[in-house]
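Chemist: Residue numbers (the numbering used here), protein chains in the order written: chain A, 1 to 561; chain B, 1 to 561.
Keep in mind that a hint or two might mislead.
Identical chains blur together in the list; that is why a pair holds if it fits in one copy or across any two.
What the hints assert, rightly or not - The calculated lysine to aspartate or glutamate pairs, modelled on EDC-like cross-linking and capped at a C-alpha distance of 20 Å, are:
| # | residue 1 | residue 2 |
| --- | --- | --- |
| 1 | Lys113 | Asp265 |
| 2 | Lys206 | Asp330 |
| 3 | Lys529 | Glu517 |
| 4 | Lys109 | Glu536 |
| 5 | Lys529 | Asp50 |
| 6 | Lys529 | Glu39 |
| 7 | Lys285 | Asp177 |
| 8 | Lys113 | Glu541 |
| 9 | Lys143 | Glu131 |
| 10 | Lys466 | Glu512 |
| 11 | Lys3 | Asp17 |
| 12 | Lys524 | Glu536 |
| 13 | Lys513 | Asp546 |
| 14 | Lys109 | Glu541 |
| 15 | Lys152 | Asp123 |
Simulated from the structure, these hints should not be mistaken for lab results.
Number of protein chains: 2
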Amino acid sequence: MKKTIRIDMDTLAISHDPATDDIRHIGGRALTSGIIAREVPPNCDPLGRDNKIVLAPGVLTGSSAPCSGRLSMGAKSPLTGGIKESNVGGTAGRIMASMGIKALIIQGKSTQKERFILEISNDNIKLTSAEPIEQKDNYSAAKYLTEQYGNKTPYILVGPGGEAGLPLATVAVSDMDGRPTRHAGRGGLGAVLASKGIKAIVLSGKGPLLAPKNTESFKETRKAFAKELSTGKQALTKFGTAVLVNVINEAGALPVNNFRKGRFDQVKNISGEVLADNCQARGGKTGHGCHPGCVIKCSNVYHDKEGNHLTSALEYETIALLGCNCGLSDMDQIAELDFMCDNYGLDTMETGVALGVAMEGGLLEFGDFNGMKELITGMVQGTLTGRLLGQGALVTGKTLGVTRIPTVKGQALSAYDPRALKGTAATYATSPMGADHTAGNCLPGRTGLDDRSPKGQVAASKEAQKLTMLCDLLGLCIFVGPIPQTLPTMTQLFNDFLGMNHTEEEMLAMAEKVLLEEVQFNEKAGITKYQNDLPEFFRTETLHSDLVCDLPAEELMNIYN
Amino acid sequence: MKKTIRIDMDTLAISHDPATDDIRHIGGRALTSGIIAREVPPNCDPLGRDNKIVLAPGVLTGSSAPCSGRLSMGAKSPLTGGIKESNVGGTAGRIMASMGIKALIIQGKSTQKERFILEISNDNIKLTSAEPIEQKDNYSAAKYLTEQYGNKTPYILVGPGGEAGLPLATVAVSDMDGRPTRHAGRGGLGAVLASKGIKAIVLSGKGPLLAPKNTESFKETRKAFAKELSTGKQALTKFGTAVLVNVINEAGALPVNNFRKGRFDQVKNISGEVLADNCQARGGKTGHGCHPGCVIKCSNVYHDKEGNHLTSALEYETIALLGCNCGLSDMDQIAELDFMCDNYGLDTMETGVALGVAMEGGLLEFGDFNGMKELITGMVQGTLTGRLLGQGALVTGKTLGVTRIPTVKGQALSAYDPRALKGTAATYATSPMGADHTAGNCLPGRTGLDDRSPKGQVAASKEAQKLTMLCDLLGLCIFVGPIPQTLPTMTQLFNDFLGMNHTEEEMLAMAEKVLLEEVQFNEKAGITKYQNDLPEFFRTETLHSDLVCDLPAEELMNIYN
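The task is simple: from the sequences and hints, build the whole structure.
Modeler: What follows is the structure, encoded as structure tokens:
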């Protein structure tokens, strides 16, 4: 039975929304954004009583479709002030779906000081005191949760960053090893969940894989798709997403020293090869799946020189933004910072960009590893500099008087310089999510356009945003490729699973409808089409001596008109 | 000859816009907001190349109409992100008008590091290096300017706060004594002017009083009006605007300790009577006119105990917000803080509210006078805490994790608790200017409504905003009273001066048209009707045990629909 669970933190009342058929064939981002758009006042304080946070597995999450373990989380973002969806792998999504939960809505705000653990089992939902883990870092809290609830029990967890109300705080989800390393990273959803009074959610129920309506056809499609993915994505399996370090450096789009340069002279020290070598030599691992049913397995387990666990899931964007964007070129140092961010529940991207901006503003030197550690620790200890950085790159930069602040709609760019990768630049500028590559990344060569020419990029970005939306609502990892070639497979899986008969056009229309809901929410929240642009310095300051952002402003503005 | 001067700081080119008849009968805020709305991209960086700052005397500025010396300044605000007009008395407006200048538009951004002094005489306009006064405080810079250009020469001046790019920086204008004590205070226009590369504007020209078209009728009307004002506003003349301390305390709307209370137990120490007594006993002065032709003379010159000049123009809002709102009850201490703000070019209101929020956030104690001085100095010295406070109350509060932040649209409330004065509350919530009492203040008893009841307040505020707009476009000080009873006189003065034949309804329609232009600019800039509300805590936290802000959200939202 499909169900929607609603937790009202004002009264600690738990209810089930009436099961309606209309949510049967939506899920993931379509459900989180739809509920937020319908139920949340666009002008509300993101950390106040009127915001809500919605967790929803994708349509295919919990099925045997490959790479379909994503769990979407949505709210009004304390970072952008607009609607936000951030989705995550790990073990929680599949269990939620298997337990028949379409959406978990948490609303209101506990008037009690204590925080709660929300435990959801098959036949019971309860709130218990989180006192033993309040203010605890994620690894310590995770240890407690696995001890209390079993080491295979998926959890969803807010770190001290979220408890401190920082708008760059993440929501962590358990990985396959029970570690808190999968993060709904962007937009400060950790601060929203904590503001409600929730420290952790434990999913102690069970359930079978969800059965498709058209069993045989679904089985065939998913098998072919799994084969295609496991053979076609071997670089990701072998080197992790860090395979992109060299690719993006080659494309000249690797952010260095707060987006001053697009290539890093010490790139060989932070490449995917280094990552894979270190993992192999020290007893770590690449080819680590982040959720059951993943066939790409781009995650990794990274050990230090002594062979002890240092961090898991060291990603390209983290390496670029906490690494070369801050003048760091030592993979072990970057891994340590990644661990700190995971442990405190901080978005590595927003943190990296905020640190880069702080370096530009003179708060510390580029490459000052110890200074970075001190500032990251200060974020959760509540030092003034820490709290400032914790507001994200925009507030940090403005306060320090920096004019080169790489943000759109209040959110830091991820690890692709927009001047050298103009499809992604268009996504940064136009996505209702703010500058977020996961909303429609156009990697080098992917669109068939000249990545450095503005021509056709806005249209290509819009297509990528729609295809990405399909991944996000289906619960598919974007590494299956939100590209036109994947559309037939996504359509087939959707139709077979639900017994529907959508055309590809109808699938795209469904995706666009959700995007428009998001755009409309944002308009009311004060993010209008006029904010569809990149910061001025990308338009005036050249990269590689001749590249600027020259996307037509009118096209960016009118992408969703 | 009416003229518009345009200074392009990109090229340092000076040009005159073609003199068109359509600007003949507009001025002040109608002209600044009209030009900003037409020429400035709503999404531009307020401190970037694309913003413009416009200075325009009111329609009647430069005439013999009483209290008509106001000079409007307008730009996209770095504080609110929306359109801003802030008008100011002092000696500059009348001279600009007498020289035939309808508007001065400063655009672009100097690529040179040096700042400039813009000198405008009757037959020449030139830019010279501001090197001798760069980074100098306002009193020092003013001394230089009066020595160089003559002690009666009006000037317009940016302090170190503006040079530091702080979004609460003011533009100072010379008073009748040549001191930099009249400030276009709100919305950070000082940072905008400095960002263009301008440190000071000197008006070394001359010109006669502007002659009205209908000489006799104008003369009669202005004489009667002057008589009415000089007899009807004697409390303002005698006690300055500080007369409001007791009035607003009595009404229960005096902000105390970051709007925690509405009455101050030490109110007798900071009243208008204390101000007047100190002025008289120490060789200062009340009844000091801020510009030629003022008949109300609400300004003052305040000396210290030794009889030395301490500050000029110590206003009610400063006393309330830097005083009791921060737990201070010593008039001399408040006067010293007022001087510091004037000298550095900082809005005393935004500064007071930001300090109150910082006190609530634990950065310093309420009543910590030395701590306040240190933070204010830090704003221009560039300490991190100073720079943080310099971003205004909202950023300060968010960074410190404060939930009670008294701002609307990013701008601090002025010195009237909205729970006890609901007409002003409606203006705070709905004005395109953000929380700004000068956009339509509904003082106790003024509207004829119960000031504590929500009934009719939105309509009353809208009327006050239109009448205030008429003052602002005519160049009349709002102390002439933007009330229905003044409308016939304002209409008569306008018609006689220009030889027009507007009805009162047409006057109000003209005002509303400008308000709508401002609203429309804001919508594009991301300030929509959904932001027409007060912070949540005013709706949930009682004042005097039973007062909350209970203005209907729908009415606030649709005031300009």
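Chemist: Name the hints, by number, that the structure is in violation of.
Modeler: 1, 2 and 13
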